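Generate the whole structure from the sequences, applying the supplied hints.
Numbering (our numbering), first residue to last: 1 to 647.
Treat each hint with caution, since some may be false.
Simulated pairs of lysine-lysine, DSS-like, Cα-Cα distance not exceeding 30 Å [said to hold, decoys possible]:
no., residue 1, residue 2
1, Lys-570, Lys-599
2, Lys-522, Lys-491
3, Lys-514, Lys-525
4, Lys-554, Lys-570
I should point out that these hints are in silico values taken from the structure, not numbers from a laboratory. Quantities reported herein were computed from a predicted structural model and do not represent experimental measurements.
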Amino acid sequence: MSELKGNKQPKRRFTTMNISTDEKSNKPIKRKSKVEELLGFTDNTDKILKNKQKRQREIELQREKQIQEEIELEKKALKGPEIKKHEWLSYVFKNHPEVLEIREKTTPILKHESFSNLIERSHTEVKDNIAKSDILQLVMQHLSTVGLKKSIRCLEEESNLRYENENSKKSKLVPVLQLGISNVDNIWNLSTENIDPKDEQEEDPEQYYNDDFVGLGNEDTEISIRNVNIWEEGPDSEENIIIEKELVKAGTLNKLIEKLTPPDRPKSYPDYMKSFLMCYQSFTTPRQVLWKLIERYHVPKKNDQTFTEYKTHRKFIQLRVGNVLKKWMEDHFSDFNDRLIVEIHQFIDKTLARDGHSSLVQNLRNTIKRMQKGASLEIERETKEKPPDPILPKNIWSFDLKLTDIDEEEIAKQETLVVHHLYINIKPIELLNQAWIKEKTRHRSPNVLALSLRFTRLSNWVSSTILNVETIKERIKMVSSMIKLANHFLKMNNYHSLQAVLSGINNSPINRLKFTWEESTKNDKKSFNNLTLLMSSKNNSKNYQNHLLNLFNKPTVPYLVFYLNELTIKEENQPDNIDNLINFSKRREIFQIVSDLTKFQHYHYNYISVHQIVVLLNNLRVKMSKRQMKSKSYKLEPRKSNRNNIK
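So, in structure tokens, the structure goes:
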């Protein structure tokens, strides 16, 4: 019994074989035990078992090696090719456009502040932090919903945390992140995917995760947009609306929407609607306006109304809502992103069609189709006459072609075509809340900024081109050429480029060239003085404004800076809100300025674009700094110099 208790004794008794010695080799010979003989073991059977065990070990080793190779391949795939640090971002954006899309929604291309720096931070103290393991589980659950299983395995390996698999097909990470940004009021065009809009009557717009923050341009504004149903706002009072001389001065968003969709039609209504639709993005978003219009559509019955009175009252308001939607899309279709269009379609199909507004349904559907096809609803005043032939230099196909080789009239035509294209694409949102000035919102004003840049480059080109002429005789010719260019811009009603040329000629390094101006022709000096007087800023640019009054149904490019200055004065001298109500009188004045700037957008020039000249104009780069221009000017005509000493 004591032998059986030992750890090795039972195995020895079971496996021990009779061993004898080979007489020739003196090596031990293994003999089978009686147990092995009874079980049928042979020498061949023993070899088979050993080979089988060996093969199993080899298979296991091969499998382990294969798994290791797969892991290494996945790591290499994730790591990607060897690239330089400065090329890393370009590589990621090229191979993963979805990353670029997210980046552009949070940190625009113009290097503005990132999304994390712009969000409205909560003042609530965070007492309980989410554990890292829970965060990783959320991330892996999200990866699982989009089918990235290899990424999950890599995370498991790196974190030593096993993913707790769930059967949920919807990501839990997305709603958690959305909750963190639900109160953001100043981010542009941040959209959320994979969230299907519900019936407009059931879902609270505040809880519908923000997909469009475009429109809240003034980060310093603290206008309260209360989450109160428009029908629960109550009657007009000093707390929700201020009216002076039958015009809305200030009000809550609910009251402004209410005045936008009245059952009757007051005299001031057309101007009010235009002002609202053009300027609403200075205090709210397109999405919020759509939700409020839908709220307004669902008219409740008053206790003192008969059913007939209620039906009549409801019909007028509902038709007004539909007409506002139609006008909104016709005049400002760029306000609508794809998601908003989907919501409008749902409103049309589920609500308007159900309520029997068949004519309105058809009108809205047709409007959406036309606008999506890009068909303008405005009548474009384009001449049907044959365009004039371009004035081309003999060396138009030469690689050495310069702007100074080209006739001044043709330069004016080509520059006018380019700046006019930028001008007609200016949207009202580019001009609200001084978006073109602030780093956080400059991305909203691409056309305004492009026009400003062209103004600066053209002006600098004029100055540097005059200064690069060494002899006074040739310099006088160059000044004359620039004055001709300015006059051509005037004939084409391109006041933006006209002022750019005048600015270049009036630049102090040019203006101080005493002998150059003295020897210029009387006609050139008179023409230049007349142009300068026309574009003078005295008396609030009265001459320029009066000149524009004579332009009707003519293609025009207004002088942009004049309107930007006017908008800046209005923005800085008037508050955005009055007693926590939206200052609508300020928006009405801004509407007037924006309207004056954009009223020529529907008229087009009848010129032929010349690619070679446009390329030269687009690539205007002046290497001379202001200091270099000043130095060159004094070199050409030094102080207290005699005419005899000037070339």
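Results for each hint:
{"no.": "1", "hint": "Lys-570 / Lys-599", "verdict": "20 Å, holds"}
{"no.": "2", "hint": "Lys-522 / Lys-491", "verdict": "21 Å, holds"}
{"no.": "3", "hint": "Lys-514 / Lys-525", "verdict": "13 Å, holds"}
{"no.": "4", "hint": "Lys-554 / Lys-570", "verdict": "28 Å, holds"}
No hint from the list above goes unmet by this structure.
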